[in-house]
Every structure is written in structure tokens, then in C-alpha cells.
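With chain A held as given, fit chain B onto it using these hints.
Line order of the protein sequences matches chains A and B.
Per the numbering used here, residue 28 is the first one in the first sequence, and the count goes up by one each step.
Per the numbering used here, residue 28 is the first one in the second sequence, and the count goes up by one each step.
Just so you know, the hints here were simulated from the structure itself, not pulled from any lab data.
Source: prediction; values computed, not measured.
Worth double-checking, as some hints may not be accurate.
Identical copies look the same in the list; a pair holds intra-copy or inter-copy alike.
Using 30 Å as the maximum straight-line C-alpha spacing, the simulated DSSO-like pairs for lysine-lysine come out as follows [to be verified]: (1) 98 / 31; (2) 32 / 113; (3) 113 / 31.
Protein chains: 2
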Amino acid sequence: MVKKKALIIIDVQKAFDDKKWGERNNLNAEDNISKILKLWREKEWLVIHIQHTSDNPSSVFYPKNEGFAIKEIVEPVDAEVIITKKVNSSFIGTNLEGSLRGNEITTVVITGLTTPHCVSTTTRMSGNLGFDTYLISDATAAFGMKDQNDTFYDAETIHNISLATLHNEFATILTTEQLINHFIK
Amino acid sequence: MVKKKALIIIDVQKAFDDKKWGERNNLNAEDNISKILKLWREKEWLVIHIQHTSDNPSSVFYPKNEGFAIKEIVEPVDAEVIITKKVNSSFIGTNLEGSLRGNEITTVVITGLTTPHCVSTTTRMSGNLGFDTYLISDATAAFGMKDQNDTFYDAETIHNISLATLHNEFATILTTEQLINHFIK
Chain A
28 MVKKKALIII DVQKAFDDKK WGERNNLNAE DNISKILKLW REKEWLVIHI QHTSDNPSSV
88 FYPKNEGFAI KEIVEPVDAE VIITKKVNSS FIGTNLEGSL RGNEITTVVI TGLTTPHCVS
148 TTTRMSGNLG FDTYLISDAT AAFGMKDQND TFYDAETIHN ISLATLHNEF ATILTTEQLI
208 NHFIK
Chain B
28 MVKKKALIII DVQKAFDDKK WGERNNLNAE DNISKILKLW REKEWLVIHI QHTSDNPSSV
88 FYPKNEGFAI KEIVEPVDAE VIITKKVNSS FIGTNLEGSL RGNEITTVVI TGLTTPHCVS
148 TTTRMSGNLG FDTYLISDAT AAFGMKDQND TFYDAETIHN ISLATLHNEF ATILTTEQLI
208 NHFIK
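Bound conformation, chain A alone (with noise of 0.2 Å):
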């Protein structure tokens, strides 16, 4: 079966349930990545899961805290892959890059945690790596944040403007809904 389209989940895991990240926007991603998934696995299409991890114990990443887990809503099954990174870039420091190259993938479709960061470089690099990258706008999820000056901006801000900046440069920007109307025609 040529399987020539990948989903790539990122960091969707108990660490980001933590009280420490404050208020997120879209709290519906997890079910929109659960009914993308369910969509690859009928299609046996391939499912990458990326999970972060950390060496610092006090970390909600490091592997024996109980944040390091991948939430049930969207755990990986038998053979499907699993890649840990470091950094926000699922593509440095793994073997992502040839891990799509070698299934022949020229087509990435990206959701996962969180917006700007780990979502957005992830994106930024599957664009400018070459593959035909889609970002589900729905199926991430961001947190407010503080900038350099302490001005703080709130979740849907950082997310709607982190998806502007992605939109045609880097991606085409779908919701769930779009994308499974778009892979399944």
C-alpha cells in the first residue's frame, strides 16, 4: 500500500494539562486529532507520533513524571512510530526528516501542541524542507504568553496570529472538517 500521506501528532501529552500553562484556547483539539487519526488508520496511511522529552527531573517532560505520558485520546498503536525530541523542532535532533523520505511521504499533515512553538517550527520546517505541509487550524491548541516588555497576550490571539504567519508561506491552513473533505474526495 503506497502511503504517501503523513499525520503528525505533536506533544500531545499530560504535560500540557499542568496549571502552569494558564488558560488554552480550543480545548476541542484533542477530539478533532482523535477523528483525524481514526481517518489515517482506516486509510493505513502513516501516523507519526511525536513526544516530547526532557532530561531534567523536575521538567513535566522528563520520562518518569506521569506528564511525559501521551493522552488516550490519541496514543499510538501497534507499529505505529513514535520520534522524542528535545526542542521544538520535531525535525532537529531526530530522524523525522528520513523517516518520511524513506516512506516516500511528500505530503505532511501537522496537529498537535502547542500553536507557536513546537507546532509552528515543526511547520515552518516541513515547508521549507520541501513537503506539502497542512496545518489543522482546530486540531492545535495555544497558551497566553508574555512578551519581552511583560505585555501579556491570551491564547486565541497567539494562535489566530501564529497561523497568519504560517498561512501560504509555510502550509495550507485547513480545519478538520476541510481536511477530511479534502483527502477524502
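Here is chain B on its own, set in the frame of chain A:
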């Protein structure tokens, strides 16, 4: 002389004077880059000019078109390195990482155009590749842009939120004045 600090000047090319980009924020960016460049030359630290190029004859970045030229105010001199790139990230399809490692650079200072695209992507990769990365807020600039739903965000908003998403996660954000004080002390 030890040259551990590299200044990277991204895409300060005449192409960005084209009207097609719309209104830009921070028209002082080039002046600020020029001040930093002067300091780097005095210190004899490494300067790397990044120049965007396109294979498409109708592109403002096509080498035969006038937009390809680096603006006079930051024009390379003597043996300064010029690296051409074809995508947003200065690290993809180029020898930038090798050039930094070969010069034993550990600190990277990033300036140039534009904040949400080439500057953000290069800053993300610089930080994720392990370089101690500084991004100079008033030595970069943005244009307004529309998202996938045709909602327009003005240049200043795109600039500010692009910086917020990089702050502390990928880079230390400083003004030109802060940078000069920081490295002169």
C-alpha cells in the same frame, strides 16, 4: 582574534521596498542594523549576510532583478560572508550551521527582514540547534498579512506577537541599545 559572536543580517534587500508588501512597521530597522554592523566591524567579530534568491524570473528576489541587491546601508565589505538561501530558514539548503560551527561561534545575533517569516524561522532553528541566540526587536520589521480566513493583521501586531512567541523559548529579545550595552560592558 577569537570571534565567538556572529551577527546574522537576513534579507535586507531592495526587494522589500516593493509596494506589493503593503505597510511596514519599524522603518528604523536598517539604521539599527547598520549601528550593530558598525560595532561588529570594529570588534572584528563574524558578520554573515543572508541573501534570498529565487529561480523564478518574475520574483523580486531573482538575481537579475534589482530587488536582489542588498541595501547599501548594510552592504557587505571585504571578506564578510554572504550566504544565499531559497527558503525562509537561513539554515536550510545552506552551509550556515557549518560556517558557525567552523568559526566556533556559540552566540548568534539575528537581525533583518521579515520578523514573522525568515527572521522567526531562522531564530527558531538557531535556538533549537543550540546557539545562544539574540534577536534584536528594533532591527527587524514586519508587513501586515491576512490569515486563511482573510482576516487582516497589521504589521505592528504581526511583529509584536512574532517576538512574543520567540521570547525565552528560542532567543533573548533585546533592543539595539540593550545589545550594544550588553556586549560592550
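Now the hints, each set against the structure:
no.	hint	in the structure
1	98 / 31	within (26 Å within a copy, 43 Å between copies)
2	32 / 113	both (25 Å within a copy, 25 Å between copies)
3	113 / 31	both (27 Å within a copy, 25 Å between copies)
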